[in-house]
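Peer 1: Chain by chain, the residues:
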Amino acid sequence: MGFSFMFRSPATVFSAAVILRIVFLVYGHFQDAFSPMKYTDIDYFVFTDAARFISHGQSPYTRDTYRYTPLLAWFIYPTTWPGFWFSFGKVLFAVGDIVAGWMMFRILRSHHKMSTSRALKFASIWLLNPMVATISTRGSSEGLLGVIVTALLWSVLAKRIRLAGCLLGLAVHFKIYPFIYAASIVWWLDGDNKSQGRPRRLDTTNSPYERVRHFVNPERVILAIHSLVTFMALNIVMYSIYGFPFLEHSYLYHLIRIDHRHNFSPYNTLLYLNSAPGTHSSASFELERLAFVPQILLSAVMIPLALAKQDLPSTMLAQTFAFVTFNKVCTSQYFLWYMMFLPFYLPDSTLLRSRITGATALVLWILGQAAWLQQGYQLEFLGNSTFVPGLWTASMLFFVVNVGILGIIIQDAQRKKSIPGRTPPVKKT
Amino acid sequence: MKQRITYIVRDPDAFTPEQLVVKDDFFAVEQVSAAKEHRITLGLSELPEELRKAFAQWHELHIRWASGSPYQAAAPFTSRVSPGLHVFYTPQKTAGDGRLCPLLREIFDSSLGCESPKESFIKMPILSERFSMSASSQFYAPVHTLSDLVHYIQSKLCPPSSAFCTDAAATLHSASYLDMDFDAISHALIINAFWAKAPNASAHWTENISLRGPSDTIEIGVLNNEQNPDPEDIAFAGFLTVLGQDSQPKPTRFQTPTRHYPLPSSKRLSYRTSFAHPTGLHPTLVLTLPERNISPPDSTCKLHIHLTLPRTLFIDKYQFNDALFLSSHHLKSLRSLSGATDLEAPDWVIPQWGSAALFELAVPGSASPDSRIDPGWNVTIPMHLRYLPPFPDSGHRNLEVPWPVVFWACRAEEGTKMSNNPFDRIHLGYEALFGPKTRFMHATPAPIGNGTGRLVEVIQVPVLDVGKVKWVEAGTVGVVLAAFFGLCWILGRKSYAMGVASVEEEVRERKKAQ
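If you read the sequences in order, they're chains B and C. Letter 237 of the first sequence, counting from 1, is numbered 237 in the numbering used here, and no numbers are missing. In the numbering used here, each residue carries its 1-based index in the second sequence increased by 429.
Keep in mind that the hints were calculated from the coordinates and are not lab data.
Quick partial rundown of chain C residues pointing at chain B, CB under 10 Å, derived from the structure:
no., residue
1, Asp751
2, His825
3, Val898
Cβ atoms here follow ideal geometry from the backbone N, Cα and C, with glycine treated the same way.
In isolation and in its complexed conformation, chain B is listed as follows (with noise of 0.2 Å):
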């Protein structure tokens, strides 16, 4: 490989995808400087008037479609300041990618056992992204949570318990969704196996007691209190200071947003048609209440409780896969939130060691995109009413096309010994 020399030092690689975000964070800066298509992202917008609406005494939620925690309007405040600290939010999320590359690094060389540069090579699929680099750098908060998630992955997989349930907390608290984490992680917390090595115990013999006392180990006690506190301790202090807006925006909208605009989500034909008047049939049954049913099951329930023991990481990425998949609304950025798991999935997977399985899986996953991104311009510019079937099949066809996916993710954290430390050396491709 001519790029081979790259691996051999952690710093040609961080170096490396430094100098990408920088190059991005120029560029960007001229683009918006001189064309009236701004390389900015519309959130960043969003974000950096909301932290203005603070820095005047007000509530970020003066903003209109500002839907998240005050904290990352006070984090990104000296946005606000004149001059280049407008870009600063940018340059703390890239940091922040930068950041979770470093740990994703570190969880491959010491969790995964990996030799230093197999390990970059496979930080890089993060790193050195540029689909990755252009979302932060663009100003999109995604990334910030990239650095949160993995470093609950990393604090975790380190047993700094404490840590680990300050940053669940607070990772719920920006995004809701990592909530699922909680169960993989409570149940990869089972104070017997990983770090002594020690066969599991036979349950079915002890008393329903003594299971419920071995269940409540001093691990996941600990990750509960920290995770709660942390959580309950942010939303106490924002509805202090911004009150119901602050429950309204951040939670609220998220949970009863019926989005009918045209996404991903296989459910996204449904929503139109039955959440507009006059159009909804009498003998439905509002099926789409339930949606939440098959993606809470899959994403908070079974796949934890299925594969959490076996490989943590792996299961994360099959919860977060689920999680998207199933979701009533589903945009390209919340492709972002199981992208930070894929160095540790794919070096031991089927989709890396099969080529074909691995090819056929992203050749599909493009061809299931590219199908609906078609359908959606012939909609959006166009002004086709491409609605059914176009669009619904394609967006069902990338659904199917996504399940496969996840099936083979599913059979591959199945596949591993329970001991992430352990897993067999593979041939290096």
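On the provided structure of chain B, position chain C as indicated by the hints.
Peer 2: Structure of chain C alone, referenced to chain B:
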């Protein structure tokens, strides 16, 4: 009942006083080419009880209706509003809204989307509380004709078997615009109709006007717009007649400051509106002006566009913060945006009628008057569509968007005296967004309109075709459930197998240990 009828003669050279005939309580015009304004002032006591009761509950109500057909304005009647029905309303602090919406539906259009002022009206933006002369809320609906109003007047207001009243009401069919004003202080309803020209083939007025009742007064003016002696005034000369008092038309000459000022003929500006095709879900309105005529009539003048947008179409105000973006669209700034501006909501969850926007436009730097071909100055305003409800048997629904109004807003020295103008017209939705010392000089919509002679653009909004969705619900649920159970099976199969294996292994180990 007080009436004032004003004819503004189009061609003073072709007019002679012999075309007017006055006899006691009778007045006739013969073959006069003119624009006409007819103003009727009614005391509340002259209205039927239903209306009297309703009006008594309101603080002020101003109705502006403009025809969708292009018309040629005539000074002093140069002000314009977008075609359709505009209602400006201020409730009384203590009273309810009464039957405002039901009455509007009955009078103008039974399908009017007016549920109640609280739900359907939008708040008027007010620039300055102190100088505010604006009503507090606004409503708009695309009402194309006044035929419901004519019918209402004929059946509810006209005395039975009064052919005169019935005929007078019917003339509203051809009105270019119609105003109705009521406020609690004057306790009077003023109805003001304007015709740009006579509604017959020759476009000449031949009419007989006579007093009907003992308490009626009718004042008739036949006026000619004179060259302005004062730069801020308009001047008229002609004849005034008070029926019953004057035995012959009395010559008159007067001048007055005016809020709406005619553009000098050298700077006449006509505009066209269209939407860039394809419109998609993000239509872009294109305003086309002749580039060489866009020069400010005065150095203080700024060109503006005032848009009346039905709720399906909306503007994202956050797009208009960037100077580069604005100038690439030939815009200066978004001066005001009010009403239904939610950026995400579908059409059916928005109770208000829509929104109103005021932009200041950029003007070309140095026009090249030499070039033969005027390339046209295109101003573009990006907008967005809301999702409309699914529709049976069609993938598209038509959305009508009224043409905006375009005008120069200029500094005036004598703002306060403008209301002394007997023809002053306010409550148009935009003049309160400027200071009181502002005068307006209006551009004229192109007579060709949208191509079919109407000042309305039609956008095709893509919607879900209900006729095609038979399988969507079953298909979605079926695929999701199949996927869910498939994943359950993958998860369960292996876990069960591993569970059994690990149990067996442990049992084996225990046996070994024993």
